[in-house]
Amino acid sequence: MHDVLSRARTQVLADGIGLSEPDLLEVLTLPDEVLPDALQLAHEVRLRWCGPAVEVEGIVSLKTGGCPEDCHFCSQSGVFSSPVRAVWLDIPSLVEAARQTAASGATEFCIVAAVRGPDERLMAQVREGVAAIRAAVDINIAASLGLLTQSQVDELAALGVHRYNHNLETARSYFPSIVTTHTWEERWDTLRMVRDADLEVCCGGILGMGESVAQRAEFAAQLSELDPDEVPLNFLNPRPGTPLSDRSVLPAKDALRAIAAFRLALPRTILRYAGGRELTLGDLGTRDGLLGGINAIIVGNYLTTLGRPAGEDLALLDELAMPIRALSATL
Amino acid sequence: MTPAYCGRCGDPLYARPHPACEAALALEPPRYCSECGRRLVVQVLPAGYRAACPTHGPVH
Numbered sequence: 001m002h003d004v005l006s007r008a009r010t011q012v013l014a015d016g017i018g019l020s021e022p023d024l025l026e027v028l029t030l031p032d033e034v035l036p037d038a039l040q041l042a043h044e045v046r047l048r049w050c051g052p053a054v055e056v057e058g059i060v061s062l063k064t065g066g067c068p069e070d071c072h073f074c075s076q077s078g079v080f081s082s083p084v085r086a087v088w089l090d091i092p093s094l095v096e097a098a099r100q101t102a103a104s105g106a107t108e109f110c111i112v113a114a115v116r117g118p119d120e121r122l123m124a125q126v127r128e129g130v131a132a133i134r135a136a137v138d139i140n141i142a143a144s145l146g147l148l149t150q151s152q153v154d155e156l157a158a159l160g161v162h163r164y165n166h167n168l169e170t171a172r173s174y175f176p177s178i179v180t181t182h183t184w185e186e187r188w189d190t191l192r193m194v195r196d197a198d199l200e201v202c203c204g205g206i207l208g209m210g211e212s213v214a215q216r217a218e219f220a221a222q223l224s225e226l227d228p229d230e231v232p233l234n235f236l237n238p239r240p241g242t243p244l245s246d247r248s249v250l251p252a253k254d255a256l257r258a259i260a261a262f263r264l265a266l267p268r269t270i271l272r273y274a275g276g277r278e279l280t281l282g283d284l285g286t287r288d289g290l291l292g293g294i295n296a297i298i299v300g301n302y303l304t305t306l307g308r309p310a311g312e313d314l315a316l317l318d319e320l321a322m323p324i325r326a327l328s329a330t331l
Numbered sequence: 001m002t003p004a005y006c007g008r009c010g011d012p013l014y015a016r017p018h019p020a021c022e023a024a025l026a027l028e029p030p031r032y033c034s035e036c037g038r039r040l041v042v043q044v045l046p047a048g049y050r051a052a053c054p055t056h057g058p059v060h
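Protein chains in written order, with our numbering: chain A, 1 to 331; chain B, 1 to 60.
Any given hint could be a false lead.
Derived coverage of chain A by chain B (criterion: at least 3 residues anywhere in the stretch with Cβ under 8 Å from a Cβ of chain B; other residues may be distant) [as the list claims (entries may be wrong)]:
#, stretch
1, 80-86
2, 97-104
3, 198-209
What follows is a list of derived Cβ distance ranges for each label pair [to be verified]:
#, chain 1, residue 1, chain 2, residue 2, range
4, B, CYS36, A, GLY16, 39 to 45 Å
5, A, GLU128, B, ALA23, 36 to 42 Å
6, B, ALA20, A, PRO31, 28 to 34 Å
7, A, PRO36, B, PRO58, 19 to 25 Å
8, B, THR55, A, GLY16, 56 to 62 Å
9, A, GLU186, B, ALA15, 40 to 46 Å
10, B, GLU22, A, ASP318, 28 to 34 Å
11, A, SER212, B, ARG16, 48 to 54 Å
12, A, ASP283, B, PRO3, 25 to 31 Å
13, B, ALA20, A, ARG127, 39 to 45 Å
14, B, PRO58, A, ASP119, 28 to 34 Å
15, B, ALA23, A, PRO31, 44 to 50 Å
Bear in mind the hints are in silico, worked out from the structure with no lab data behind them. Quick caveat: nothing in here was measured; it's all calculated off a predicted structure. Positions of the beta carbon are idealized from the N, C-alpha and C atoms, including for glycine.
Construct all of the structure, not just a fragment, from the sequences and the given hints.
Spelled out as structure tokens, the structure:
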């Protein structure tokens, strides 16, 4: 076995301690012929520290488009000439989306808004939406509303939002190449407030935005320092009209190396397949990732793009004998 | 009716073939009206999407 994988077997699998940044860089640069060994070890780590269950989530955009921020990957930025138009989701449709998500077996439903941070109009919509969902659907509610103030964190906690998503998106050293309208540190501050309020922290990012492999290792190590409850892993799906529209899709083997590395950095976290997997990995790669450290998926559609039908993912989990995490296990 | 505009890029369909757009539309909703080429208002939902043209109404 490759040296870094031998170290990981002791340090991560046996002791539950994530790999260091230099070791993560080694995993991310493993030759193709060693990749199956890395995925197998990452899968063993996932089973050892997280168990066999897979957490299933659905997401929906409450407020789409027209965002003042310039996140270069995002079709919802109003700064670029993206074809995505601004639209708000009404409360009955939000509740129906939660109902459809719960019907797929999902235990998580995340309400997302394309904003720098919530204003009073959005907070009012969230307030009403969360109450309506809680009254009608048995599902955990998460939210992703951008940068928060302390009072907004406190209000979300009081509403019963159990997890807050705020992605750091990429390595600290690469962030200024991707976003110029706010800083990585501002995002970190929101995450710290979320953690201090006893909300579960969901924080990941997007791979394949032009970051170096070393920056990918840096990002995994920075997430490890944050120690989030969940890390959603996205792979860039280049969107028309954005500054990253002409970037190539991340090669599948690089994506799989990243999945193994992030699991070896974060042995206990919920590591979720998020956007872009259909394009980057396809059906075969999706299976390889589930057998290589992933233990959560977003089913159905994303915010502005479509996923494969939820039934196909659920059938794959069934075929792999991976149980869906029950709602009772998350409470 | 025969679509006149590409649902993904909004360009007229007579100008050139759009195989990449057609492939992409397997994983994304249309963003332009196939009749007039105007941008659609699109709401993606977990199990589908709703799209409407300001001129021609809902798109199916």
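Hints and how they fare:
| no. | hint | verdict |
| --- | --- | --- |
| 1 | 80-86 | holds (count 3) |
| 2 | 97-104 | holds (count 4) |
| 3 | 198-209 | violated (count 0) |
| 4 | B:CYS36 - A:GLY16: 39 to 45 Å | violated, 59 Å |
| 5 | A:GLU128 - B:ALA23: 36 to 42 Å | holds, 39 Å |
| 6 | B:ALA20 - A:PRO31: 28 to 34 Å | holds, 32 Å |
| 7 | A:PRO36 - B:PRO58: 19 to 25 Å | violated, 48 Å |
| 8 | B:THR55 - A:GLY16: 56 to 62 Å | holds, 59 Å |
| 9 | A:GLU186 - B:ALA15: 40 to 46 Å | holds, 44 Å |
| 10 | B:GLU22 - A:ASP318: 28 to 34 Å | holds, 32 Å |
| 11 | A:SER212 - B:ARG16: 48 to 54 Å | violated, 36 Å |
| 12 | A:ASP283 - B:PRO3: 25 to 31 Å | holds, 29 Å |
| 13 | B:ALA20 - A:ARG127: 39 to 45 Å | holds, 43 Å |
| 14 | B:PRO58 - A:ASP119: 28 to 34 Å | holds, 30 Å |
| 15 | B:ALA23 - A:PRO31: 44 to 50 Å | violated, 32 Å |
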